[in-house]
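Please build the complex by placing chain F on the supplied structure of chain S, with the hints as guidance.
In case you want the letters, here they are:
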Amino acid sequence: MEDNKQEMEAFNTRLKVLTGVIVFIITVLISRMAYLQIYDGDYYASLADGNRIRIVPAVAPRGIFYDRNGKMLVTNRPGFTVSLLPLNGPISPEVIQNLSTLLNVPVEKINERIKNHIGFDPIKVKDDVGPEMMTLIEERKDQYPGVVIEVKPIREYTMKEYAAHAFGYVSEISDAELEKKKDEGYKSGDIIGKFGLEKVYDKELRGENGGEQVEVDVTGKPVQVIGKKNPVPGYDLYLTIDADIQAAAEKAIDEQLVQIGAKAAAAVVMNPQTGEVLAIVSRPAFDPNLFAHGISEKDWKKINDNPNFPMDNKAITGEYPPGSTFKIVTGTAALDSGHVTAEEKINDIGHHWIIPKGNADGEVLGWINFEEAMAHSDNVYFYEMGNRMGIDTLEKYARMFGLGKITGIDLPYESDGLVANRRYKELNFKEEWYLAETFDAAIGQGFNLVTPLQAAMVMGEIAADGKRYRPHMVDRMVDVNGNVVKKFEPELMGTLDVSPEVIKHVQTGLKGVTVYGTAASIFRGFPIAIAGKTGTAENPHGRDHGWFVAYGPFDNPNIVVAVIVEQGGYGAQSAVPIGRKILHAAFHVPTPEQIAAQEAAKKKAEQEAAAKKKAEEAAAKAKKQ
Amino acid sequence: MVSKRWLRRTDFVLIGAVAAILIISLITIGSATHINNPSDERYWYVERQGIFTIMNVAVAIFLMNFDYKILGRYGNKLYIFNIIMLLAVMFVGQSALGAQRWIQIGPITLQPSEFSKIIMIVSIATILQDKFGRINSFRDFIPIALYVGFPFLLVMKQPDLGTSLVFMAIFFGMIFASGIRLKILGWIFAAGVVCAPLLWHVLKDYQKMRLMVFMDPNIDPLGSGYHIIQSKIAIGSGLLFGKGLFEGTQSQLNFLPENHTDFIFAVVGEELGFIGATILLLLYLLLLWRGIEIAKEAQDTFGRLLAVGITSMLAFHVLVNVGMTAGIMPVTGIPLPFMSYGVSALTTNIMAIAILMNIHMRNQTLQF
Numbered sequence: 001m002e003d004n005k006q007e008m009e010a011f012n013t014r015l016k017v018l019t020g021v022i023v024f025i026i027t028v029l030i031s032r033m034a035y036l037q038i039y040d041g042d043y044y045a046s047l048a049d050g051n052r053i054r055i056v057p058a059v060a061p062r063g064i065f066y067d068r069n070g071k072m073l074v075t076n077r078p079g080f081t082v083s084l085l086p087l088n089g090p091i092s093p094e095v096i097q098n099l100s101t102l103l104n105v106p107v108e109k110i111n112e113r114i115k116n117h118i119g120f121d122p123i124k125v126k127d128d129v130g131p132e133m134m135t136l137i138e139e140r141k142d143q144y145p146g147v148v149i150e151v152k153p154i155r156e157y158t159m160k161e162y163a164a165h166a167f168g169y170v171s172e173i174s175d176a177e178l179e180k181k182k183d184e185g186y187k188s189g190d191i192i193g194k195f196g197l198e199k200v201y202d203k204e205l206r207g208e209n210g211g212e213q214v215e216v217d218v219t220g221k222p223v224q225v226i227g228k229k230n231p232v233p234g235y236d237l238y239l240t241i242d243a244d245i246q247a248a249a250e251k252a253i254d255e256q257l258v259q260i261g262a263k264a265a266a267a268v269v270m271n272p273q274t275g276e277v278l279a280i281v282s283r284p285a286f287d288p289n290l291f292a293h294g295i296s297e298k299d300w301k302k303i304n305d306n307p308n309f310p311m312d313n314k315a316i317t318g319e320y321p322p323g324s325t326f327k328i329v330t331g332t333a334a335l336d337s338g339h340v341t342a343e344e345k346i347n348d349i350g351h352h353w354i355i356p357k358g359n360a361d362g363e364v365l366g367w368i369n370f371e372e373a374m375a376h377s378d379n380v381y382f383y384e385m386g387n388r389m390g391i392d393t394l395e396k397y398a399r400m401f402g403l404g405k406i407t408g409i410d411l412p413y414e415s416d417g418l419v420a421n422r423r424y425k426e427l428n429f430k431e432e433w434y435l436a437e438t439f440d441a442a443i444g445q446g447f448n449l450v451t452p453l454q455a456a457m458v459m460g461e462i463a464a465d466g467k468r469y470r471p472h473m474v475d476r477m478v479d480v481n482g483n484v485v486k487k488f489e490p491e492l493m494g495t496l497d498v499s500p501e502v503i504k505h506v507q508t509g510l511k512g513v514t515v516y517g518t519a520a521s522i523f524r525g526f527p528i529a530i531a532g533k534t535g536t537a538e539n540p541h542g543r544d545h546g547w548f549v550a551y552g553p554f555d556n557p558n559i560v561v562a563v564i565v566e567q568g569g570y571g572a573q574s575a576v577p578i579g580r581k582i583l584h585a586a587f588h589v590p591t592p593e594q595i596a597a598q599e600a601a602k603k604k605a606e607q608e609a610a611a612k613k614k615a616e617e618a619a620a621k622a623k624k625q
Numbered sequence: 001m002v003s004k005r006w007l008r009r010t011d012f013v014l015i016g017a018v019a020a021i022l023i024i025s026l027i028t029i030g031s032a033t034h035i036n037n038p039s040d041e042r043y044w045y046v047e048r049q050g051i052f053t054i055m056n057v058a059v060a061i062f063l064m065n066f067d068y069k070i071l072g073r074y075g076n077k078l079y080i081f082n083i084i085m086l087l088a089v090m091f092v093g094q095s096a097l098g099a100q101r102w103i104q105i106g107p108i109t110l111q112p113s114e115f116s117k118i119i120m121i122v123s124i125a126t127i128l129q130d131k132f133g134r135i136n137s138f139r140d141f142i143p144i145a146l147y148v149g150f151p152f153l154l155v156m157k158q159p160d161l162g163t164s165l166v167f168m169a170i171f172f173g174m175i176f177a178s179g180i181r182l183k184i185l186g187w188i189f190a191a192g193v194v195c196a197p198l199l200w201h202v203l204k205d206y207q208k209m210r211l212m213v214f215m216d217p218n219i220d221p222l223g224s225g226y227h228i229i230q231s232k233i234a235i236g237s238g239l240l241f242g243k244g245l246f247e248g249t250q251s252q253l254n255f256l257p258e259n260h261t262d263f264i265f266a267v268v269g270e271e272l273g274f275i276g277a278t279i280l281l282l283l284y285l286l287l288l289w290r291g292i293e294i295a296k297e298a299q300d301t302f303g304r305l306l307a308v309g310i311t312s313m314l315a316f317h318v319l320v321n322v323g324m325t326a327g328i329m330p331v332t333g334i335p336l337p338f339m340s341y342g343v344s345a346l347t348t349n350i351m352a353i354a355i356l357m358n359i360h361m362r363n364q365t366l367q368f
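Chains as they are written, first to last, in the working numbering: chain S, 1 to 625; chain F, 1 to 368.
Just chain S, same shape as in the assembly:
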């Protein structure tokens, strides 16, 4: 009991301390109130009364895209936004009516915006109105009380459709995106990357918006700035893209599509030693500028109704049968697994002896070895390879090349492709595997599917002696002060587990393609040694797709190209000419027109020099006299 009493006394003492703490807290809070409301009250009253506080947002400019040589590709331009900033009561219906007529925005839409708006920043009526409209409103300010013009950076793709699929586009954030990204600081009305690099690097590109908290008087004139936050521009991206190669690839594809009457195509150009993407093209394309301030219904319908899906980046999303380009994989597999030697000759009698499948045009090549079979793209030879290896070995090597899964490029919506295999058939068709399907798989038909990027990767692995680097679009990110924030180094993703001899034989066979094989006629006279492979992929929905993959210079490759022309027919006729033009640009080989122009220029210079000399002589003569 005594103990308990002592305990109680201790407890009561502690309670007294707690009471003291509570009294102290309330005293501090009341003192603070006295300070704010009585000592400093007049100051705050002046801020709140009569005067008003407004927020003037300043949108951070988005990071700029440069090519690998520092050429500007995507930038921002100032755009004028007409907004409402109610200062004394609501905006009059008259003003809204006038604005509606002037800007061609329905009155109901403006009223809805006003109704849904919360907060005291300006209410947007129309984005990007053009300088004429801006002057018009600014000059008649008294007729438009409460109407303000804000300057906001607008994304500009100066070259329109150029590399549109790689750059992507930006647009106002959607409700679904907002819900997901609220925590990352995205706000309603923000501009966000929706596609391409704009989407992948949105967080780095967008920077940080700023603004001013301004005290304004009754007429809306700023009296003083209460708080200010400068916008921080987003990071600039120096892409791995080479603007000249990109331009050449786009031009080559456009010309070829017109010439052969095809509608869709894609191309990828990379450095196989680093994974840098030098050019990436997809056709048909779209103009990303259309999206920057809300695409019109008409434009969207036009894009949406195009049966060739302009919004798809076919270079990474399109899945096509690889056709004969897949013989690179089949050949590597057959040699490395020991099912054939490079020297062994196989007799092409026009068709295979087990299953009567033959060459596309029914040619008969007779006794041929590995390299000849590769150069001439002999189907019978590769059927036999499939026959000897079986589908499982072929599958193993295809996966070793990285097929059947995304390459990991820094662009959105990449497709996996598909490697032909037993399990897939079982799952999807509930049937066992047939030898005929192994035959199809061996020449890149049947279940096999690759994206043009994957096709380039396979060729690149042969070029780089078995090394596979992650394809990437960005070389470095640079902040507004020019400091490199992040540098993207080559990233080795895998190495072919095959003997160097095997790769040598495959390389030699592929060189044969441009020397005496399927692409020889088009590469005649090309000054740099090129390894290539054509392909013609059967298409159940129409004409065959034409393929061409290539790398060069043969001895020290730093360029790999993959081209597909959808429904272009033979690869040698549809895709190879595009490939050749791209390689021209990549190696700075002058085209015949350029040579002609150069010669003409030289001639002109000579003539001018001669004329000048003549004139001088005449002048000298005249002087003498």
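Hints should not be assumed to be uniformly reliable.
[To be verified] List time: in silico DSS-like cross-link candidates among lysine-lysine, alpha-carbon distance up to 25 Å:
| id | chain 1 | residue 1 | chain 2 | residue 2 |
| --- | --- | --- | --- | --- |
| 1 | S | K182 | F | K208 |
| 2 | S | K124 | S | K182 |
| 3 | S | K5 | F | K183 |
| 4 | S | K187 | F | K77 |
| 5 | F | K77 | F | K157 |
| 6 | S | K180 | F | K157 |
[Claimed, not checked] Pair by pair, the computed Cβ-Cβ distance ranges are:
| id | chain 1 | residue 1 | chain 2 | residue 2 | range |
| --- | --- | --- | --- | --- | --- |
| 7 | F | E47 | S | V17 | 41 to 51 Å |
| 8 | S | E177 | F | I275 | 41 to 51 Å |
| 9 | F | D130 | S | N12 | 42 to 52 Å |
In short, the hints are calculated from the structure, not lab data. Even glycine gets a Cβ: it sits at the ideal position worked out from N, Cα and C.
Quick look at chain F alone, frame taken from chain S:
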């Protein structure tokens, strides 16, 4: 149910203070929200808060029939329930502003961390009652600290910095009252000071921003600094007498976001002035003083600890919330008890008062 005997044993000062605060709350919520709502729903918030107040009071009166000591039997079960509830928030909770705090059940969104506070008080009281006056070494202290630490970390993880700090306040209030040696307390504070920089790395970006903004609101005048600046302007411009109910320009014109929840005190400051704000703070003082008195008079250790825990919780809420609106505490999202709109917090606080009343009543039964 309410008999004459009951009335005699009621703590009218406590009831009066709470009732007064609740009335001020409903008026202020009405003032803060009516202008932003469509006309047919003008007083939606007030009605909702009012209905829940009445329902809660009814439940509280019913609970008077039970002895609070029953709670002691459920201390550990409640503790486990609390942990499950907090984990549930983590997995099925809805996020807002970077924090997962809500669970949707039918039309009601519950904020389990609010209920968690009162459960913590009961659980801590359950384990502390056996150690009352005997926390003399770290060996006595550490098991209790671990017991509280686990739910603390779960709430931290949500992340709900505010509630986790409330846990701390409850814990230290109760352990202090339990007679922990001051030397141990001193060491804990020293360790806390040393560890504070480590805590910085655990915080989310927006939490860091809030703390930085507290040092200098102009760092982020459009974001979290905006609240503080606007709140100070609202309070300061209230002057001595205030602008009158429904007349506060800052609050009415939506300059002040969340003015019916976390920043409701700014509306009081603006519309009722220094006098109104002071009266409200004095009502809190009265309430807290009753809490301490009830602890003093309680007939058992469990009751004493419960009363101290509840008082600590409420005092901390008042300090941090009013301090935040007045710009002397960082923004942590702690509501003002009985004032801020919010069903979960309201329920928790009324239940807390019900427990205080219960302790007070049973105490008198013995004396009479």
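Structure-based check of all given hints:
1. S:K182 <-> F:K208: Between K182 of chain S and K208 of chain F the Cα gap is close to 17 Å, so the pair holds against 25 Å.
2. S:K124 <-> S:K182: Roughly 21 Å separates the two Cα atoms, so the pair holds.
3. S:K5 <-> F:K183: Holds, at roughly 23 Å.
4. S:K187 <-> F:K77: Measuring from Cα to Cα gives roughly 43 Å; hence the hint is violated.
5. F:K77 <-> F:K157: 22 Å, holds
6. S:K180 <-> F:K157: At roughly 19 Å apart (the allowed maximum being 25 Å), K157 of chain F and K180 of chain S satisfy the hint.
7. F:E47 <-> S:V17: 41 to 51 Å: At roughly 42 Å between Cβ atoms, V17 of chain S and E47 of chain F fall inside 41 to 51 Å, so the hint holds.
8. S:E177 <-> F:I275: 41 to 51 Å: With a Cβ separation near 48 Å, E177 of chain S and I275 of chain F satisfy 41 to 51 Å, so the hint holds.
9. F:D130 <-> S:N12: 42 to 52 Å: 20 Å, violated
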